[in-house]
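Undergrad: Here's the letter readout for the chains.
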Amino acid sequence: MEAITRNRPAFANVLVRLNPGEKIIAEADAMASMSASMEMRTRWSGGPIKAILKRIFGGESLFVNEFSSAVPAELVLTQGMPGDIECIELKGTTLFLQPGAFLACEPSIRLGLGWAGWASFMGGEGLFRLKVSGTGRVWFSAYGGIFTREVTDEYIVDTGHLVGYEPTIHIRVGLAGGIFSSFFGGEGLVTKVRGPGRIYMQSRNFSGLTAWMNAHI
Amino acid sequence: MFGSDEFEGGVFSDQIDGGRASAALTITASGVKAVTSSGQDFFVRFRDCVLDMGGASGRMVFVRTPDRKLTVFCEDRRFPAAIELDGGLLVADQLAKVRGIRRGEQATWRMWLSVAAIVSGVCLVGGYYAALAGAKAAIHAVPVSVDNKIGDLALESMDLEGTPVDDKVIVGAVQEMLARLEPHSELKGLAFEVRVVDAPAVNAFCLPGGKIVVYTGLLRKATSAEQVAGVLSHEMAHAIKRHGLQQLTKSLGVVVAIEVMVGDVGGLVAMGVEFAKSAALTSYSRESETEADLVGVGMLHAAAIDPQALADFFAMLEEEGHDAPDAIAWLSTHPQHGVRIAAIRDQVANLGGQQYRPLAVDWDDVQQHLEQLNDEQVEVQ
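Residue numbers (this note's numbering), protein chains in the order written: chain A, 16 to 232; chain B, 4 to 384.
Some clues are possibly wrong.
Partial list, derived from the structure: chain B residues whose beta carbon lies under 7 Å from chain A [unchecked claim]:
hint: 1; residue: F15
hint: 2; residue: S16
hint: 3; residue: S40
hint: 4; residue: G57
hint: 5; residue: G58
hint: 6; residue: A59
hint: 7; residue: T74
hint: 8; residue: F76
No lab work stands behind these hints, which were simulated from the structure alone. Where a beta carbon is used, it is the ideal one built from N, C-alpha and C, also for glycine.
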C-alpha cells in the first residue's frame, strides 16, 4: 500500500493506492474521493459497545469504513478542518490520540479507548482518549500544522494544542502562572507533560477559533 | 506472550533507530534486561539505577542509567514488586519515594476533586434558587394583561366537564362574594370573573388573570356562604400572587432547555396555554398554597368576612375526605390540611379587631336553587 500526504500543511489529504488484498481503515466521512472499483464496508468501530463509548467519550465516529479493492485502486482521505495530517508507524507500540484526531490506520492496528483521567478532563481534553496500538501505520489529523517534541522532563502545552502522545508521557493540569496572570493573561489552565516520550501538537486551537467566531457573531 | 518473569515494556536509547522500541523485560539479580523486537539488548544495573514513576497511566515505572542515556519502562502492575524482590535494598528506598510521590499526587487530586464537587454542588443549588428567585422577580415585570390573555385562552379551550349555571340566585350569590373580595386585591388590573359549573366535583379554581370556576358540588358541600367566600379568596390569591405564571415559568424553563437541546423551539406558546389549563386542575407548590392561604385570609379580613369559615370548610372536607377521598378534588390538590387549618386559625387569632359582616346572601335559598338544578337534571334525563 502506498500512501502520500499531499497539500501539506494547510489542506493536507492522503492519497492511498491499494493493491489487491490490501485494506485501510478510515474514520467515517474521511473519504473525499475513490476509484469506482474500491469497495467500502462500514463496521462498528471495535464492536457496538466500544464504538458507542468511543463516540461519547473519544469524540470518534460510531462507525469506521474499511476500504479494499480487487484491482489496484486509489482513495483520497481528508479531514473536516484545515490542517496537517501526520503518519506514524507503530512497531508494537502505543500512541494516545486526543478526541477527534484519528483519521485512518492499517488493519493491523487496534483502536481502543483509554481512561485519560480527571487531569485531562479539567484541562479540557476529555475524560477518555483514543488508544492506537499494534504494528502498522496510523494517520491522524490536526487543526493547523503538526509539530512534535521529545520531552525529557517537564514541558507545558496550552490546553487544546495537544494532539497525541506516547504512553510514557505523564499529564497533569496546572495554572500557566500565578492565579492573576493565568486568568487575566488569557492562558488559564495549561497541560503539563512529563517525559520521557514524544508529544504531537497542533499549531492552532479549535476552541480558540470558536471563541474568536463567537466574539464576532 | 510474556512469561511470568518477563514483562512487556520498552526502551529509550540513542542506539535504537527512532530512539525507542517496545521490548521484553527480564529482571535478574543485578538489574533489568531489555530485548527489543529487533533483537537489540540493553541492561540497567540496580546498583546505580535511577527510578521514576509516571507515564500516561501514572503507574509506569522508569528504570534509568545515571546518565539518562538508557531508560527501560514497564507499566505492568507486578513490575515494581518484582524489581523490589530482586533489587532488594538497592532499589527499596527509591521505590518507596516514588510510590510516596504518586500517593501524594493522588491525594492532591482527590482533594481538588472533592473541592470541585462541593463547589459545583453549591453553585448548582445556589443557581437553582437564584433562578427561582429571578423567575419570581421577573414575573413582576410582566404586564398583568399577559395573565389575562393566558387565562382567557385557557378557559376558552377547556372542557369544564359540566354545564354552565345561569341561575340568578346561585350566580348572584357567588358574584356578591366576589364583589366583597375584589376591592381588596393587592394587584390591580386583574379581570376577576366567576363562572358556576354544574358538576358534582367539590372543586374550584382560578386561572391566571382571575377567571374563576366554581363547581356546584362545592356549593352544595358548603354550609355557609362565608365558607365559599373563603375558598374564593384562596383561589383569587393564586391569581393575585401570579402562582400560575410562576409555575409556568419554572416548568417551561426545563422545557425550553430541552427544546433548545433538540433544536426545536416551536410550540412553546401553545404549551404555555396547555400548561395553564393543567396547572389549574392540579396542585401548586406547598409554598404557593401557604401564601394563598395567607393572602386569602388577609382579603377575607379586609372585606369583613369571617376568615374562620375557610378553616371550618377545610376541617369539614378533611373529616369527610377520610370516607371518600377521591370525591373531593379540591382537597386532593390542597395537601397538608391539618397544618394549614392550624396556621389559618393562628393567623386569624393574630388579626386585629374587625367587625365581621355577614354576606348579603340567603344561603338556604341558594341551596334550594341548587336542589332545583338537580331536579331539572332529573327531568331532562
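Undergrad: Compare the structure with each hint and give your call.
TA: Here is how each hint holds up against the structure:
1. F15: Where the cut-off is 7 Å and the nearest Cβ of chain A is about 5 Å from B/F15, the hint holds.
2. S16: Since chain A brings no Cβ nearer than about 11 Å to B/S16, farther than 7 Å, the hint is violated.
3. S40: With a minimum Cβ separation of about 6 Å from chain A (threshold 7 Å), the hint on B/S40 holds.
4. G57: Nearest chain A Cβ about 4 Å off; hint holds.
5. G58: This hint holds: B/G58 lies near chain A, its Cβ roughly 5 Å from the closest one there, short of 7 Å.
6. A59: Nearest chain A Cβ about 5 Å off; hint holds.
7. T74: holds (6 Å)
8. F76: Holds. Min distance 6 Å.
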